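K.L.:
For the record, the sequence lines run as chains A and B.
Just so we're aligned, residue 1 is where the first sequence starts under the working numbering, counting upward by one.
Just so we're aligned, residue 1 is where the second sequence starts under the working numbering, counting upward by one.
Hints are computed from structural coordinates only; laboratory data are not their basis.
On a predicted model such as this, the values are computed, not experimentally measured, just so you know.
Heads up, a few of these hints could be off.
[Stated by the list, open to error] For lysine to any residue, the following SDA-like pairs were computed, each having C-alpha atoms within a straight-line distance of at most 25 Å: (1) B:135 - A:210; (2) B:188 - B:63; (3) B:245 - B:365; (4) B:109 - A:132; (5) B:109 - A:127; (6) B:16 - B:3; (7) B:109 - A:128; (8) B:135 - A:124; (9) B:135 - A:203.
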Amino acid sequence: MSSFLDYISLSWDHVLELAIGHAIVVAIALFIDIVIGVALGVLVYRRENAANVALAITSTFLTIPSFALFGLFIPIFGLGYLPAVVALVMYGLLPILRNTVAGLRSVDPAIAESAQGMGMNARERLLRIELPLAWPVIITGVRVSTMLLMGIAAIAAVVNGPGLGDDIFAGLARIGSPTALNLVIGGILGIIVLALLFDTFFNVLGKLTTSRGIRD
Amino acid sequence: MIRLEDLTKVFPAQDKAAVDDLSLEIYEGEIVVLVGPSGCGKTTTMKMINRIIEPTSGRIFLQGEDVTKVNPDNLRRRIGYVIQQIGLFPHMTIADNIATVPRMLGWEKKRTSDRIDELLETVGIDLSYRDRYPKELSGGQRQRIGVARAMAADPPVLLMDEPFGAIDPITRDRLQDEFLRLQQEIRKTIVFVTHDIDEAIKMGDRIAILKQQSKIAQYDTPERILTDPADEFVQDFIGSGPSIKRLSLSRVSDIETSDWPVAGLTDSHDEVREKMRSTSRDYVLLLDEQEKPGRWVGQEEIQHDDTPLEESGRPAVAIVEANTNLYDTLDTMITSYKGSAIIVDDGGRYKGVVDFDTVLEAINTMRPHERDRHMSPPEQEQVQPRESTGQDPQAGGEGQ
Chain A
1 MSSFLDYISL SWDHVLELAI GHAIVVAIAL FIDIVIGVAL GVLVYRRENA
51 ANVALAITST FLTIPSFALF GLFIPIFGLG YLPAVVALVM YGLLPILRNT
101 VAGLRSVDPA IAESAQGMGM NARERLLRIE LPLAWPVIIT GVRVSTMLLM
151 GIAAIAAVVN GPGLGDDIFA GLARIGSPTA LNLVIGGILG IIVLALLFDT
201 FFNVLGKLTT SRGIRD
Chain B
1 MIRLEDLTKV FPAQDKAAVD DLSLEIYEGE IVVLVGPSGC GKTTTMKMIN
51 RIIEPTSGRI FLQGEDVTKV NPDNLRRRIG YVIQQIGLFP HMTIADNIAT
101 VPRMLGWEKK RTSDRIDELL ETVGIDLSYR DRYPKELSGG QRQRIGVARA
151 MAADPPVLLM DEPFGAIDPI TRDRLQDEFL RLQQEIRKTI VFVTHDIDEA
201 IKMGDRIAIL KQQSKIAQYD TPERILTDPA DEFVQDFIGS GPSIKRLSLS
251 RVSDIETSDW PVAGLTDSHD EVREKMRSTS RDYVLLLDEQ EKPGRWVGQE
301 EIQHDDTPLE ESGRPAVAIV EANTNLYDTL DTMITSYKGS AIIVDDGGRY
351 KGVVDFDTVL EAINTMRPHE RDRHMSPPEQ EQVQPRESTG QDPQAGGEGQ
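Work the whole structure out from these sequences, hints included.
P.N.:
Here's what the structure looks like:
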């Protein structure tokens with residue numbers, strides 16, 4: 001234990017640097033996921049077949065072992081940020097897409113009908129009624145994706161991607177040597193702290209952007 | 001105001017039309033109730049007026065304009081729409097809910113805000129509720145806001161689909177009364193769908209009784225439907241006691257009251273006895289200082305000079321307001337001691353007394369059409385004995 005604390009007091013700037021890289025790559029992937037996921041959700045939520053196809057494809061992404069996917073991307077995207085971001089986008093899509101579809105579909109039909117009966121066109125209904133009401137569910141999807149991506153981003157180390165995975169893999173490669181364990185634990189703890197920070201951020205953001213009328 | 005011409009709706013999965021060739025005209029300022037058994041197409045018909053459901057064929061005219069093919073969103077901004085589950089937007093405040101259509105139409109802030117206040121007052125909701133959310137309101141309050149929201153942009157037409165259906169009977173009764181009072185002021189053209197014939201009778205200026213596929217069985221005023229049903233379907237739909245139901249359309253203030261002696265609780269026993277002697281009645285009604293009914297005191301009881309008047313006889317409990325309908329009045333009279341009801345004004349002050357004789361008299365004057373219709377020699381015998389039976393106003397239905 002004391003050796004870990006010594007390690008941290010010596011190398012905190014190194015860990016911090018990796019953590020920032022980790023945070024950035026997850027944030028970029030999340031942003032792209034939100035854009036694609038919500039847009040796709042809006043397009044397919046009313047169409048049973050299209051929705052099923054989209055959900056099936058994004059589910060399949062999640063089942064591909066991350067190690068393998070990152071490896072397969074090397075000849076296509078090379079090393080570094082690009083393959084990492086592409087892979088993370090693929091993994092983070094399902095929760096957001098699924099929750100967008102579920103959220104939009106869960107809007108009470110009576111509400112949608114009275115909005116239509118008042119003369120709101122489809123665009124107005126989507127923007128002013130359905131999305132705001134689906135928002136809490138969508139945010140929950142974002143939080144789930146965040147947790148997923150935090151962990152998977154560690155694997156990006158195999159493509160020389162950014163993030164705390166670097167330390168974890170380095171440590172695992174040298175397991176047995178004195179500093180190895182500290183590297184791994186440092187990496188894991190860093191990921192956990194980042195995950196909590198991101199989750200808290202989205203939690204607060206969700207509460208602030210959700211109308212008081214639908215917050216429980 | 002609204003004219004439906006050969007309106008038909010066939011849903012893709014079905015081989016029979018939900019609405020088959022319906023033609024109907026609704027005049028300005030009247031409440032027309034579409035009523036019929038489940039599945040008859042009444043809601044579908046109403047939803048075709050604002051084209052939530054698009055007709056398969058036929059035409060819709062609003063204020064003389066053919067609106068069958070116009071832009072539906074624009075059309076709907078001219079028509080108020082209230083549905084059973086209300087559908088208030090939970091993520092918006094009450095004020096924002098009401099302001100929905102005005103904002104879509106581009107009203108300035110001040111005009112919208114004033115309109116919100118005006119509407120809240122009209123539907124009887126305190127102005128402090130402006131910034132509350134729907135989840136903080138009771139069912140009855142939400143329904144009022146639903147009506148306010150539909151009227152926000154002052155549309156000439158309101159469509160209401162079982163608006164009071166999801167509410168408890170007590171609140172529903174009150175809301176119906178308030179709505180009728182409101183309609184006296186605003187005189188909108190209203191199309192009202194319900195499956196409840198009693199609600200139709202109460203609310204409608206005219207009622208369209210619809211059969212399957214929205215075929216019109218009868219389209220007329222409640223009075224004429226009750227006294228002159230077009231066929232067996234209508235009779236069955238009205239249900240039992242149509243003549244009793246007819247009573248709910250008249251007010252107790254419409255009929256003549258009978259002659260009962262009245263005295264004051266503060267009078268002396270002699271004065272009360274004098275009053276009683278001057279009429280042929282054996283009971284006197286004693287009023288308090290505000291002229292409100294107090295107690296019934298009888299021939300026997302008034303002889304006991306030592307019993308103060310406040311304790312003599314029985315308290316007067318069968319009391320109805322002047323605008324109560326005859327059906328409710330009869331109900332009150334049945335529970336009273338002497339088979340009579342005391343009429344008071346809206347301040348609770350005595351106006352008169354009705355008893356079974358006066359109500360029977362009123363019923364008889366209501367039924368001349370029915371009597372004439374059945375005036376053929378063999379049935380004439382049936383009519384006579386019933387009239388002399390006296391106390392029983394139960395119509396039972398002649399020739400049914």
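K.L.:
Give a verdict on every hint.
P.N.:
Hint check:
no.	hint	in the structure
1	B:135 - A:210	holds, 15 Å
2	B:188 - B:63	holds, 13 Å
3	B:245 - B:365	holds, 15 Å
4	B:109 - A:132	holds, 23 Å
5	B:109 - A:127	holds, 21 Å
6	B:16 - B:3	holds, 24 Å
7	B:109 - A:128	holds, 19 Å
8	B:135 - A:124	holds, 23 Å
9	B:135 - A:203	holds, 23 Å
In this structure, every one of the numbered hints holds.
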